[in-house]
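Engineer: Keeping their order, the protein sequence lines are chains A, B, C and D. First residue of the first sequence: 16, per the working numbering; consecutive thereafter. First residue of the second sequence: 16, per the working numbering; consecutive thereafter. First residue of the third sequence: 16, per the working numbering; consecutive thereafter. First residue of the fourth sequence: 16, per the working numbering; consecutive thereafter.
Not one of these hints is a red herring.
Just so you know, same-sequence chains aren't split out, so a pair can sit in one copy or run between any two.
Cross-link-like lysine to aspartate or glutamate pairs, in silico, EDC-like; alpha carbons within 20 angstroms at most:
| no. | residue 1 | residue 2 |
| --- | --- | --- |
| 1 | K324 | E159 |
| 2 | K246 | E334 |
| 3 | K324 | D155 |
| 4 | K324 | D163 |
| 5 | K246 | E85 |
| 6 | K324 | E293 |
| 7 | K324 | D342 |
| 8 | K246 | E209 |
| 9 | K40 | E27 |
Simulated from the structure, these hints should not be mistaken for lab results.
4 protein chains.
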Amino acid sequence: MNIVSYQPTPEELSYTFGGRAAVGKVRPGTIMELYTEDCFGGRVRSVADLPSRVCEFPYLNPVTGPFHVEGAEPGDTLALHFVSITPARDWAVSTTFPHFGALTGTHTTAMLQPPLEERVWRYDLDLERGVAVYHARNSDFSVELPLDPMHGTVGVAPAANESRMTITPDAHGGNMDTPELRAGVTVYLGVNVEGAMFSIGDGHARQGHGEVCGTAVEAAMRTVVAVELIKRVPTPWPRLEDDLYLMSTGSARPLEDAYRISQHDLVTWSAALTGLDELDAYQLVSQAGEAPVGNVCDTNYTMVAKVPKAYLGGPSVYESAHTRLRDLAERYASGR
Amino acid sequence: MNIVSYQPTPEELSYTFGGRAAVGKVRPGTIMELYTEDCFGGRVRSVADLPSRVCEFPYLNPVTGPFHVEGAEPGDTLALHFVSITPARDWAVSTTFPHFGALTGTHTTAMLQPPLEERVWRYDLDLERGVAVYHARNSDFSVELPLDPMHGTVGVAPAANESRMTITPDAHGGNMDTPELRAGVTVYLGVNVEGAMFSIGDGHARQGHGEVCGTAVEAAMRTVVAVELIKRVPTPWPRLEDDLYLMSTGSARPLEDAYRISQHDLVTWSAALTGLDELDAYQLVSQAGEAPVGNVCDTNYTMVAKVPKAYLGGPSVYESAHTRLRDLAERYASGR
Amino acid sequence: MNIVSYQPTPEELSYTFGGRAAVGKVRPGTIMELYTEDCFGGRVRSVADLPSRVCEFPYLNPVTGPFHVEGAEPGDTLALHFVSITPARDWAVSTTFPHFGALTGTHTTAMLQPPLEERVWRYDLDLERGVAVYHARNSDFSVELPLDPMHGTVGVAPAANESRMTITPDAHGGNMDTPELRAGVTVYLGVNVEGAMFSIGDGHARQGHGEVCGTAVEAAMRTVVAVELIKRVPTPWPRLEDDLYLMSTGSARPLEDAYRISQHDLVTWSAALTGLDELDAYQLVSQAGEAPVGNVCDTNYTMVAKVPKAYLGGPSVYESAHTRLRDLAERYASGR
Amino acid sequence: MNIVSYQPTPEELSYTFGGRAAVGKVRPGTIMELYTEDCFGGRVRSVADLPSRVCEFPYLNPVTGPFHVEGAEPGDTLALHFVSITPARDWAVSTTFPHFGALTGTHTTAMLQPPLEERVWRYDLDLERGVAVYHARNSDFSVELPLDPMHGTVGVAPAANESRMTITPDAHGGNMDTPELRAGVTVYLGVNVEGAMFSIGDGHARQGHGEVCGTAVEAAMRTVVAVELIKRVPTPWPRLEDDLYLMSTGSARPLEDAYRISQHDLVTWSAALTGLDELDAYQLVSQAGEAPVGNVCDTNYTMVAKVPKAYLGGPSVYESAHTRLRDLAERYASGR
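Only chain A is shown next, with the shape it has when bound in the complex (with noise of 0.2 angstroms):
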């Protein structure tokens, strides 16, 4: 088995996908074992710590890559199976941040009111009872929520020499910022340029349906990845696949653009797996379907439309590379 480590030193990390030379190179069939820092560079650690003063635009949402893919090329399709992804801190924060989030106005939403108050908020994260603790500012009101660890950030470089921030989703992956990116999950991106250069970051020890105030439980990572290449099989947006779920995504704006894309592909890929026409599928994932919301506050916003694989007769998909790479993390895991 062919296992990699890797945890980047501050200049190592990213701000883009694409315009960067790689960091490293992967066979396919490489696991690989990852740090990731928070989307704040791990300068936000205290209440005090307003992200505008101790950040720096454009040096947010770092990422750990590019990685070089061996025999990656344009219309392969990248498969990462994310094999664990666990906080590698005890602690992670969230904040508002002025002119960003769903319910202010923004740098495109534009308006004449004055941000909201910028303010910080740090969870308690406990991995063994698996919680984040929420502790308010100006009460003493706390609740335990669950961990439920993901990756708002995951991409490969864009096609047409694009280079984009590392905030931006759009159909390269990028800052999705969903919940179903979780542990258990392979990721299905179309590779645009030769080795395709994915990177992952912006890891969150849990978050909420659209990530309404801008940003999650923030967390740093330990973060399993395993990488697989399926030569000569396009993905137009980034799809995911999980034991039970088939899943498209879209990005884009409005809201209900993000929904199309990501509606249009999974009854388009419903079709070409079962053989329904199209008006056929249309009506199958009409009926079946889920739209999990990913984020409403980003530069483009996204939506995951998913459906039972049962309900599509169980086809395979990606030359069944979503259970080939359970396989490999089930040895990786026994192997430790």
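Fit chains B, C and D to the known structure of chain A by using the hints.
Structural biologist: Same frame as chain A, but now just chains B, C and D:
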């Protein structure tokens, strides 16, 4: 126990919220056994019954009502507890409809492309086994989906002397098309006119998230509703409560505004219930909240924001109306 | 010549389209001399009169009407030619209003930020010199802007038994708030109910594009309208015609849908008038068309699509109603 | 006078803003005589040349540049004065393109309907008479439209190490597609990287508002630009100035956000220029401003907000760069 049964004649069906005389009067505390027709008025019975031929605009999406609730005045809140929702026939239908649905040009998302094919699917409903059976039209593919009966449409007369087509969801309720509106749920609606004038309709044997093709598994229903009135407590947008969750709704376009309305209401409501200031409540809902999509196909789109009551310290809302109505429902059920 | 004069008492003002009995009957061919109050019902008279204090929801944006047009039936088109629009007082007002306008959170673009300051500006109107004088509130800056009187609101009773607040623009007309609706223009409105039931109101001494702060230079008006009826010719969305241009309107959210509706109507209308196929008309409108913004602040946003008649070969539309009404207007003017 | 002439070879054309080495260096004060190819790279020459066949993604919308401006640093503003824009050939083309344009489903407004027919129109350009001649494809209808040459695309390298397809407009400029960008106009662009790295392209012989079908009357251009640099004056979004107007742009989705950005920038800029507080400036722009639509078809939509300088007291902006550049242009013109 005060029990009222009502099945409308075709002439008694309503097609607006507001602008119509009551079909009956009910006292708070009443159990109502209601029959509701499906959104096609029962006219689409086979795959040959194209809705554009057998239905006539604006006689779509009929509702049962309006009912005048004794003592209801503007500024009060009407509570409707859905005791049971049972398909009235052993079949249901779903269709595409020209220029309606999320993945087609529409009346407002106006496009020059010709409409999608109009097609009808007929589902077999098996109440004992709890399944709706999908049959593809252009292949022999078939699959059983779990029944999850709900009402797409519930509402009161709007404010400001408005009268709105039943197909439109807004602050008065209407065609929200959320699967969250199932049996066991209490819906809270702000009263705008004397008597509240509520109606319900548009039963779905089940529905995917967003009702992407424009219709669900449309079914006539036998539905039992328990009615309560909370005096001098206003409600800005329809809210829902079940044993575990508080929910706010928002209906608007674009979809992010439906999201904003629902999240804003849940944040400010949570603040009022917990004593948290708005920013602390914003943070808590951001990490603990869910955001199930209602519809992305109607004249307004609908989003739901929900949070477990346990995370708010288990507050009692609306004078514990949900608990009282659930108790009433149990007495009703045991008396049958 | 049939001339009718009408000035409503405060009790006769209307606040909806639909749902109200006619205040008068008119025959096609009539000249109507009408008085319209401003959108505040004349209650905001000085900078101390904050609208949230002196006005009461839903008694905003009053209109004069509805008028029953003899012989009008669903499927016909009502033509209203604006002969003249003259401010009735030597002052006008504009204001911000809490949570209303394009650069603030609103009822639907719900935000946690506090509202902008509510402030009133009083303009001096000089009809002889044709100017409205702006005075800054917090400095001695002052500037003369040209008068360009228009009506923000004109419409008929909606279809489908709906009744809509006058503040909402939709297919029935309503609060479109386009500066294109000035004297010399004929407005075409599809008739939905017997008698058409048209009303007008919301005079503006002038307005910027989009009415960005939420209100224009709001003025009571003395307005002369010539009424015509085109039998058995339907109109899907309000259209306008002046001596040089044909115009289509669209009112919806998001703003691109208002744009799509208006452009779609102009393209299909141009195709019908010229014999071009839809794609050739799409191309011609794409290069020759203009798209003045109406409002970006109301419950629906409004866009106008316009094209010079000359580029379409100078077609006659609606049985030359505009030409006939302009002639009638000239006879009226010369008779005074 | 420093005059530079440059015509790119096909290999020198650029398809992104950012991520490319300069094709040349220029000093502030230089007059540049540039050749720009049309958005199809000159490959669509007859109605038989369907762009989806003769063009290859992402080699669309080529720009001439980037040029390194000596001394330009982040925080400065680049001023480009368009001295003249002259079609380089006696023909131009326009097309529909599958899943592109405002009245069709697209990549992001994803729909299941098949695309509109792909069709090419070839315009005759007559520079002497100042007309572009439209010829219908499916009839013998023909009409002369006035030439109004402009550039759809102008911009600098983006911030945050991004590289963006030339088809995307954003804060760095790009494919704004506004007819306001004609000869006689000065464009102000905030500098994000050393040397600014500006490019221009996408000439239009004329364009309707919104470029509704997705393309304008696309023409290769001979364009003369005068270059100036304003040190230590930042510019948040592209701004334009001509002899009469100040203009701000906004590019985003949905379209109301493009409107909000442009109006917000014009309001805050006007406040800074006049000494009005923001609310007084908001009021003045609301009544005096115009809002010409740029594009409603690109990956971001573009709106322009403009106000007559006279209404602001005729302020001097950007150290009177427009006046100085216009003078330079006149000296250049008289020297020829």
